[in-house]
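For the sequence shown, position 41 (counting from the first letter as 1) is numbered 41 according to full-length UniProt numbering, and the numbering increases by one without interruption.
Simulated from the structure, these hints should not be mistaken for laboratory data.
In this text the structure is predicted, and so the values were computed from the model without any measurement.
Check before you lean on any hint, since a few could be wrong.
Unchecked claim - The list that follows gives simulated cross-link-like pairs (lysine-lysine, DSS-like), each with its CA atoms no further than 27 Å apart: (1) LYS81 with LYS41; (2) LYS97 with LYS64; (3) LYS64 with LYS141.
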Amino acid sequence: MTHKEMSVRKKLPIPPLFNTSNYNESSHQQDPQTFEWFHSKSNREVIKEQLLQHEMDGMFAVRKSNQKSSLHSYSLTFYHKGQIYNFPIRTRVSDMKFALGYEKPNEPAFSSLEKLVAYFKENRIKLANNELAILTKPLPKFS
Numbered sequence: 001m002t003h004k005e006m007s008v009r010k011k012l013p014i015p016p017l018f019n020t021s022n023y024n025e026s027s028h029q030q031d032p033q034t035f036e037w038f039h040s041k042s043n044r045e046v047i048k049e050q051l052l053q054h055e056m057d058g059m060f061a062v063r064k065s066n067q068k069s070s071l072h073s074y075s076l077t078f079y080h081k082g083q084i085y086n087f088p089i090r091t092r093v094s095d096m097k098f099a100l101g102y103e104k105p106n107e108p109a110f111s112s113l114e115k116l117v118a119y120f121k122e123n124r125i126k127l128a129n130n131e132l133a134i135l136t137k138p139l140p141k142f143s
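Whole structure, please, built from the sequences with the hints as guidance.
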């Protein structure tokens with residue numbers, strides 16, 4: 001490439017690094033508190049205790065995560081065959097969509113928590129022991 005060709009070519013600026021602190025989850029989803037399955041004021045232990053009292057396979061709740069990461073803001077907790085399962089709900093950096101659990105190839109991803117929940121009410125979740133579970137009924141909200 002000649003010097004003249006190089007000077008004609010425009011230099012593109014380096015793209016900025018992604019800053020998750022500026023990311024506003026509510027900009028791409030309805031307020032989760034409007035859904036019966038969202039328990040904003042309950043922690044992991046309270047949800048677990050309530051699910052164990054109901055003993056209903058597939059009963060579930062979505063809550064704010066105990067982790068401080070802006071990319072793991074929520075958790076899905078559900079009851080299946082006498083056990084409580086907790087799955088992180090991640091926000092993928094690549095497309096800012098929600099995904100369940102740890103990153104997997106070809107994983108389903110959703111533009112909102114509502115769509116994620118609707119999907120897993122129709123499609124099974126693969127558990128660590130290779131069993132399959134499905135979300136059935138939201139855990140009733142309590143005070």
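Verification of the hints:
A distance of roughly 26 Å separates the Cα atoms of LYS81 and LYS41; the hinted pair therefore holds under the 27 Å criterion. Note on LYS97 and LYS64: the hinted pairing holds, with a Cα-Cα distance of about 17 Å set against a maximum of 27 Å. A C-alpha spacing of about 14 Å is found between LYS64 and LYS141, which places the hinted pair at or below 27 Å, so the restraint holds.
The structure shown violates none of the earlier numbered hints.
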